[in-house]
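Participant: The hints should help you fit chain E onto chain Z, whose structure is shown.
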Amino acid sequence: MEQARLHLMLCGGTGCHASGSKSFHEALDAELKNQGLEKEVRVIETGCNGFCALGPVMLVQPEGIFYQQLRAKDAAELVESHFLKGRPVQRLMFRDPVSKKTIAHMDEIPFFAHQMIWAMRNKGLIDPESIDEYIARDGYFGMAKALTEMSSEEIIEEIKGSGLRGRGGAGFPAGVKWGFAAQAQSDVKYVLCNADEGDPGAFMDRSILEADPHAVLEGMVIAAKAINATQGYIYCRTEYPLAIRRLSLAIEKARDYGLLGEDILGSGFGFDVDIYQGAGAFVCGEETALMRSIEGRRGMPRPRPPFPANKGLWDKPTVLNNVETLANVGQIILNGGQWYASVGTESSKGTKVFAISGDINNIGLVEVPMGISLRKMIFDIGGGIPNKRKFKAVQLGGPSGGCIPEKYLDTPVDYEEIAKVGAIMGSGGVIVMDEKTCMVDMARFFMDFIQEESCGKCTPCREGTRRILEILEKISEGRGEPGDIETLEELSEVIKSSSLCGLGQTAPNPVLSTLTYFRDEYYAHVYEKRCPAKRCVAFLQFTVDTDKCKKCGLCFKACPTGAVQWEKKQPAVIDKEKCIQCMACYDACRFDAIE
Amino acid sequence: MAATEKLQHPDVTPEMIREIDDIIESQKNAPGAVIPVLRMSQDVVGYLPVEVIDYISAGLNIPPSDVYGVATFYSLFSLTPKGRHRIRACLGTACYVKGIKEVMGRISKKFDLEVGGTTEDRRFSLEAVRCLGACGLAPVVVVDQDTYGSISADQVSEILEKYE
Numbered sequence: 001m002e003q004a005r006l007h008l009m010l011c012g013g014t015g016c017h018a019s020g021s022k023s024f025h026e027a028l029d030a031e032l033k034n035q036g037l038e039k040e041v042r043v044i045e046t047g048c049n050g051f052c053a054l055g056p057v058m059l060v061q062p063e064g065i066f067y068q069q070l071r072a073k074d075a076a077e078l079v080e081s082h083f084l085k086g087r088p089v090q091r092l093m094f095r096d097p098v099s100k101k102t103i104a105h106m107d108e109i110p111f112f113a114h115q116m117i118w119a120m121r122n123k124g125l126i127d128p129e130s131i132d133e134y135i136a137r138d139g140y141f142g143m144a145k146a147l148t149e150m151s152s153e154e155i156i157e158e159i160k161g162s163g164l165r166g167r168g169g170a171g172f173p174a175g176v177k178w179g180f181a182a183q184a185q186s187d188v189k190y191v192l193c194n195a196d197e198g199d200p201g202a203f204m205d206r207s208i209l210e211a212d213p214h215a216v217l218e219g220m221v222i223a224a225k226a227i228n229a230t231q232g233y234i235y236c237r238t239e240y241p242l243a244i245r246r247l248s249l250a251i252e253k254a255r256d257y258g259l260l261g262e263d264i265l266g267s268g269f270g271f272d273v274d275i276y277q278g279a280g281a282f283v284c285g286e287e288t289a290l291m292r293s294i295e296g297r298r299g300m301p302r303p304r305p306p307f308p309a310n311k312g313l314w315d316k317p318t319v320l321n322n323v324e325t326l327a328n329v330g331q332i333i334l335n336g337g338q339w340y341a342s343v344g345t346e347s348s349k350g351t352k353v354f355a356i357s358g359d360i361n362n363i364g365l366v367e368v369p370m371g372i373s374l375r376k377m378i379f380d381i382g383g384g385i386p387n388k389r390k391f392k393a394v395q396l397g398g399p400s401g402g403c404i405p406e407k408y409l410d411t412p413v414d415y416e417e418i419a420k421v422g423a424i425m426g427s428g429g430v431i432v433m434d435e436k437t438c439m440v441d442m443a444r445f446f447m448d449f450i451q452e453e454s455c456g457k458c459t460p461c462r463e464g465t466r467r468i469l470e471i472l473e474k475i476s477e478g479r480g481e482p483g484d485i486e487t488l489e490e491l492s493e494v495i496k497s498s499s500l501c502g503l504g505q506t507a508p509n510p511v512l513s514t515l516t517y518f519r520d521e522y523y524a525h526v527y528e529k530r531c532p533a534k535r536c537v538a539f540l541q542f543t544v545d546t547d548k549c550k551k552c553g554l555c556f557k558a559c560p561t562g563a564v565q566w567e568k569k570q571p572a573v574i575d576k577e578k579c580i581q582c583m584a585c586y587d588a589c590r591f592d593a594i595e
Numbered sequence: 596m597a598a599t600e601k602l603q604h605p606d607v608t609p610e611m612i613r614e615i616d617d618i619i620e621s622q623k624n625a626p627g628a629v630i631p632v633l634r635m636s637q638d639v640v641g642y643l644p645v646e647v648i649d650y651i652s653a654g655l656n657i658p659p660s661d662v663y664g665v666a667t668f669y670s671l672f673s674l675t676p677k678g679r680h681r682i683r684a685c686l687g688t689a690c691y692v693k694g695i696k697e698v699m700g701r702i703s704k705k706f707d708l709e710v711g712g713t714t715e716d717r718r719f720s721l722e723a724v725r726c727l728g729a730c731g732l733a734p735v736v737v738v739d740q741d742t743y744g745s746i747s748a749d750q751v752s753e754i755l756e757k758y759e
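Protein sequence lines, in the order shown, are assigned to chains Z and E.
Take the first sequence: its letters are residues 1 to 595, numbered as in the numbering used here.
Take the second sequence: its letters are residues 596 to 759, numbered as in the numbering used here.
Pulled out of the complex, with its shape left as it was, chain Z reads as follows (with noise of 0.2 Å):
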């Protein structure tokens, strides 16, 4: 490899590619050819940074000077101003919504600087189409180690002792889980990545498998030495098509080096993998749905045990982890199960990603080690509630999880605490949502998913889940009725005991923490008829509060049909034939004068 003066670390995940990386790409490229700069200065694009809403970014290295937010118009000032003559640009930085101060460097940089990047270690620091690079970090060292020097119990006592636990959601120990495995007999057994990210709000690993992809195969093979098996395959969303991409790139280049398929390192053990891309359903996230889906039917959940440990894929013994499980294995064999067990909670341990979005300033991807507080990651790291309004409450573990109020946000980041509080780890979406999200509305908008989802084989997930949405439903539309939220409360409980999978007994969690948090707001619906957070449009007037009004015409302008009538130092109306209730001004206002 050539050596080059600096190396422009340009991301190029999914969500930098929709902000425009690739025409940025392009005139960057172009430019730096016309400066003469394109053997010093090289472009790699990386997988996805983790900062999304900031995108697109880029990391200048050695400097680790961070730019975001580049468009191709950009691209001449930054090789001018920056490559040739070394002085980088300012305005190109980022600036903390706080402090209003420019931040060169990304380590200071508050979304970067609380964080603890194991899983994610090598996202934005290597080329992941380049097996050299996953190499040159002390890649597939881990699975060198295990294939070589350590026997199939060696590795599974090395990872119980990590106390690493399943990523996807449920949080089962990974260690106990390759154990049962181990002792089934069978000539033929399975090593199963769940690439099936499902739940909405959650896309670590998405980010992994574009940024890493190498550290999910070498994960795989680990787990296959642990329990003999010599197939795999990765089940991955065929909503990811950059990550099936890398991943096929990165399993060829893996056979090419002999680090997967026969004999690997000389070692005499085998295992190769295959990608099965899904069909979109919710569902196959679950372990015996998504071998159901490989074997080309349909993507149903049966009864456990027996647990796929014994009967699986195809009925043979299978593991099946999730990819942020897999992708923390290599380091732990190299490292050792102690140092990933030295962080974290007596329960949980290491570190965890999570996929934070909705109302709040730093949208992106960041892992923290187990037990900090959801405080300090929604207010040190996510940067606070946009728009000067009141933090309401925080959405984690997706449709099965549930929401957390303000004053359980001092919960650590861990297993069972979060349990505690009624809602769950889950895969690590977290949601913040502000003062004007309404939680009934909230609760039906996971119903609607999960109702959709539900695969329809048992009765109270597929027939329950449906009339608590239509409850739900009536109830924000102004319909509900004494007695609806009680039958709310005792339709979840039949629903949460008498499913088959965990998707119908998780499915009711939704209702039953904005319940237990939010009561106050499904009695405003139901007995007031009114909506607190304003955002049910059934209670909604459509009038001006013209003692509120300050007369500013925002409304006006984000009226798409002319309905608003406004001219300066008047306040507005709303001329209710031309209305169509589409919420435009209601979030457009800033002095909530719109009733």
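The reader is advised that the hints may include incorrect statements.
To be verified - Straight line, CA to CA, 30 Å or less: simulated DSSO-like cross-link-like pairs of lysine-lysine: (1) 578/Z x 704/E; (2) 704/E x 474/Z; (3) 623/E x 677/E.
Since the hints were made in silico from the structure, they are not lab data.
Facilitator: Same frame as chain Z, but now just chain E:
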């Protein structure tokens, strides 16, 4: 010849049938081939008419009820024709909190297009998809291969004008 049955459908050309034959042939002996074969065939035809499903079932020697069962289970497969341009609106939580509902409402109104439907001139079809994993850009709409982030109801009308 993969199947004995002749495939006849106005939307399926002889060239497409040849491609489907190749797909079936290449996957025939692979275990669990139904989903990949359906996916690839849908890429060829644009959607999966019942005739194509029957053809695949004969080709793979799997009962039509099983193939139909799989085709209707997964949201990726469509048994009705799609528009020339596919609008996919993300209905993930982050997009919901950020107002995708208003954006979708505008699309529906403007083109008289229901979610899951196609306009009469087959110009657009509108789908609500579960989280695209681009929550940093919420709300997100994908038109064909182009992703539009932080989109408002006004912007979406303008953007869609570009797609004929």
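Participant: Each of the hints needs a verdict: does it hold here or not?
Facilitator: Outcome of the hint check:
no.: 1; hint: 578/Z x 704/E; result: holds (14 Å)
no.: 2; hint: 704/E x 474/Z; result: holds (23 Å)
no.: 3; hint: 623/E x 677/E; result: holds (27 Å)
Of the hints listed earlier, there is not a single one the structure fails to meet.
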